[in-house]
Amino acid sequence: MSDIAEESPFRRFLSEFAASKIALGGLIVFTIIALAAIFANWIGPQNPYDLAQLDIMDGRLPPGSKSGAGYTYLLGTDDQGRDMFSGMLFGLRISLAVGVGSAIFAACVGTTLGLLAAFFGRRTDAIIMRVVDLQLSFPSILVALMILAVLGKSVMNVVLALVIVDWAGYARNVRGIAMVERKREYIEAAACLALPWRRIMFGHLLPNCLPPLIVIATQQVARAIALEATLSFLGLGVPITSPSLGLLIANGYQYMLSGKYWISFYPGIALLVTIVSINLVGDHLRDVLNPRLKR
Amino acid sequence: MIELRGVSKRFGPTYDAAARVTRGIAARFGRPQKSETVHAVDNVSLTVARGEVVGLVGESGCGKSTLGRMVAGIMPPSSGEILFKGRNIATLPPDAAKDAKLKVQMIFQDPYASLNPRLRVADIVGEAPRIHGMIPPGQFDTYLDEQLRRAGLDPAFKRRYPHQFSGGQRQRIGIARALAVQPEFLVCDEAVAALDVSIQAQILNLFMDLRRDLNLTYLFISHDLGVVEHLSDRVLIMYLGRIVESGATEDIFGRANHPYTQALLAEVPRIDARKRHFTAIKGEIPSPIAPPSGCHFHPRCPHAMPRCSEEAPVSREIAPGHHSACHLNDRR
Chain Z
48 MSDIAEESPF RRFLSEFAAS KIALGGLIVF TIIALAAIFA NWIGPQNPYD LAQLDIMDGR
108 LPPGSKSGAG YTYLLGTDDQ GRDMFSGMLF GLRISLAVGV GSAIFAACVG TTLGLLAAFF
168 GRRTDAIIMR VVDLQLSFPS ILVALMILAV LGKSVMNVVL ALVIVDWAGY ARNVRGIAMV
228 ERKREYIEAA ACLALPWRRI MFGHLLPNCL PPLIVIATQQ VARAIALEAT LSFLGLGVPI
288 TSPSLGLLIA NGYQYMLSGK YWISFYPGIA LLVTIVSINL VGDHLRDVLN PRLKR
Chain V
529 MIELRGVSKR FGPTYDAAAR VTRGIAARFG RPQKSETVHA VDNVSLTVAR GEVVGLVGES
589 GCGKSTLGRM VAGIMPPSSG EILFKGRNIA TLPPDAAKDA KLKVQMIFQD PYASLNPRLR
649 VADIVGEAPR IHGMIPPGQF DTYLDEQLRR AGLDPAFKRR YPHQFSGGQR QRIGIARALA
709 VQPEFLVCDE AVAALDVSIQ AQILNLFMDL RRDLNLTYLF ISHDLGVVEH LSDRVLIMYL
769 GRIVESGATE DIFGRANHPY TQALLAEVPR IDARKRHFTA IKGEIPSPIA PPSGCHFHPR
829 CPHAMPRCSE EAPVSREIAP GHHSACHLND RR
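Top to bottom, those sequences are chains Z and V. Using my numbering, read the first sequence as starting at 48 and increasing by one per residue. Using my numbering, read the second sequence as starting at 529 and increasing by one per residue.
These are calculated hints, taken from the structure and not from any lab test. Some clues are possibly wrong.
[As the list claims (entries may be wrong)] Think about it this way: if two alpha-carbon atoms lie no more than 27 Å apart in a straight line, the pair counts; the simulated DSSO-like pairs of lysine-lysine are:
hint : chain 1 : residue 1 : chain 2 : residue 2
1    : Z       : 230       : V       : 626
2    : V       : 631       : V       : 613
3    : Z       : 113       : Z       : 307
4    : V       : 631       : Z       : 230
5    : V       : 613       : V       : 626
[As the list claims (entries may be wrong)] Looking from chain Z toward chain V, a few residues come up when the C-beta cut is under 7 Å (computed):
hint : residue
6    : 92
7    : 94
8    : 231
9    : 233
10   : 236
11   : 238
12   : 239
13   : 240
14   : 242
15   : 255
16   : 258
17   : 259
Predicted model only: the values in this text are computed from it and were never measured. In this text, a Cβ means the ideal position worked out from N, Cα and C, and glycines have one as well.
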């Protein structure tokens, strides 16, 4: 009896999510990637940013070569003699931090503005949504490039650029969802109980908008990681001292056709696997959380 | 206790900047776009005395739910005044307005849509009293249990979510939520229409018990004439945003004056009339965007005269406490 009584919507959701093998696989892969990125210091044989550990003589060694210090370069080295495997782990850390961080910030900003627009309507709605339209009418890569060109290269500036690019998508989506929820009787009931508007908005409206929002957020994390990689590849993203996956790919790009494929290839695979695993999770989340798609 | 003076509610499309610009251009080139305004409630005045049960009857789309929402303070009226205990709610200072709002609570039609699916029963019922600081902190649990028990729910279920309850139980949760802020006036908007007949009876009995125990006043909105006749002291008949007839329940059901009321009552299925063929009131309810001129009922009225399409009848007292808005009464 007690477990029926305690059955929360969250638990139902967990059991439904676990029913799909592919999504569960995606989640497991993503967890491994995230753990590898977090514990990069302990997993990687080398700290690629510690110049004392690098040997320029080891530059551009193919995968499986032995290093002077005795360990194996599993995935080869780049032109500075950095171990690609270690470099990728540290690069993943930057990529994930930037992607997840910017997605969370953008979600907070976009959700708040979207809720305000839906809740108050009229002029508030008009002003916020016209800004959103303006924002969405520019290609996101162009806006990000402009912001970074003005602010200069740094990890925080990349996060800021991604937030400025991405918040509008959240705002538009959240507004749409919230407009539907706002018409429901439980919101009228909350108004009838004279609850303060902040409480109705964040305590009643927001929790009921969360399921689709989680789906959007997952997909936006993948998008942000890809966009950051693009920016870094173009040389306007993170600085050379904290290379992300995109920058690693850019570093090896010029050697691609000279047979030294591993410098770009393995970071590219890591980027691909990361984005695919996040998208698998996101797609299945959408199936589980959207009642209209349920069989 | 509640008095409405000339209350109207109009719904019109809201135009954003872009729409206003295009409409402006269209008007500039001689194509003014007409604005479609719905007069959901049109100049309604009524009073409800303390302890009374007033039934509000009308077809779907006649504005009775909108009227109920204005009384409950969920929607502001477009024009007119709503007075609670003689004071206009719109002009009260914020704190007094909040208190007045809490004294009028609403029971909703759909017990599935009216409960927040992400909150536990304890939070649905307990949130408002806690936020408004109505209960000393130490007594909160006892208070909550008392509210649930009064609405006929077992307090042991308070950690559950709405989806774990049946329709009737959900409606009881809605009632407990309203009672928890100690209201004096309940607006029941089709509160039993979504329930099974056996459950309807339970909920209606609960309403009547609460009326006796808590000295509640009701505005009971329904299209179910049987329910209204059973419960109400007084009945208001609404047609396309206007109150066409009002009076004591016996007067309305025994001596209906307005042709619309007569037509409504004639079609109530009764055991003694089961062989009869029912003739629906002819025609559809007209669109409230373009209501008929004069008396809104004239296109469907069997007694319609030329005057009915020209002039809207005013409500006049045809017997003590019995008002009707029909030109036929002028001939007597």
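Hint check:
Taking the CA atoms of residue 230(Z) and residue 626(V), the gap is near 22 Å; set against the 27 Å cutoff, the hint holds. For the proposed pair residue 631(V) and residue 613(V), the alpha carbon gap of about 11 Å is at most 27 Å, so the pair holds. Distance check on the hinted pair: residue 113(Z) and residue 307(Z) sit about 17 Å apart at the alpha-carbon level, within 27 Å; holds. Note on residue 631(V) and residue 230(Z): the hinted pairing holds, with a Cα-Cα distance of about 23 Å set against a maximum of 27 Å.
In summary, the hint linking residue 613(V) to residue 626(V) is supported, as the alpha carbons are separated by about 14 Å, within the 27 Å threshold. This hint is violated: residue 92(Z) has a C-beta 48 Å from the nearest C-beta of chain V, more than the 7 Å allowed. Residue-level restraint check for residue 94(Z) is violated (minimum Cβ-Cβ distance to chain V is 46 Å; threshold 7 Å). For the restraint placing residue 231(Z) at the interface with chain V, the shortest Cβ-Cβ distance is roughly 5 Å, inside the 7 Å limit, so the hint holds.
With 7 Å as the threshold, the beta carbon of residue 233(Z) comes within range of chain V, its nearest partner Cβ sitting at about 4 Å, so the hint holds. This hint holds: residue 236(Z) has a C-beta 5 Å from the nearest C-beta of chain V, less than the 7 Å allowed. Nearest Cβ of chain V to the Cβ of residue 238(Z): about 5 Å, under the 7 Å cut. The hint holds. The interface hint given for residue 239(Z) is met, as the beta carbon of that residue sits about 5 Å from the closest beta carbon of chain V, less than 7 Å.
Taken as an interface hint, residue 240(Z) checks out: its beta carbon lies about 4 Å from the nearest beta carbon of chain V, inside 7 Å. This hint holds: residue 242(Z) has a C-beta 6 Å from the nearest C-beta of chain V, less than the 7 Å allowed. Given hint, residue 255(Z) at the interface with chain V, holds; its Cβ is 6 Å from that chain's nearest Cβ, closer than 7 Å. Given the 7 Å rule on beta carbons, the hint for residue 258(Z) is violated: about 10 Å separates it from the nearest Cβ of chain V.
For residue 259(Z), the interface hint is violated, the least distance from its beta-carbon to any beta-carbon of chain V being 14 Å, above 7 Å.
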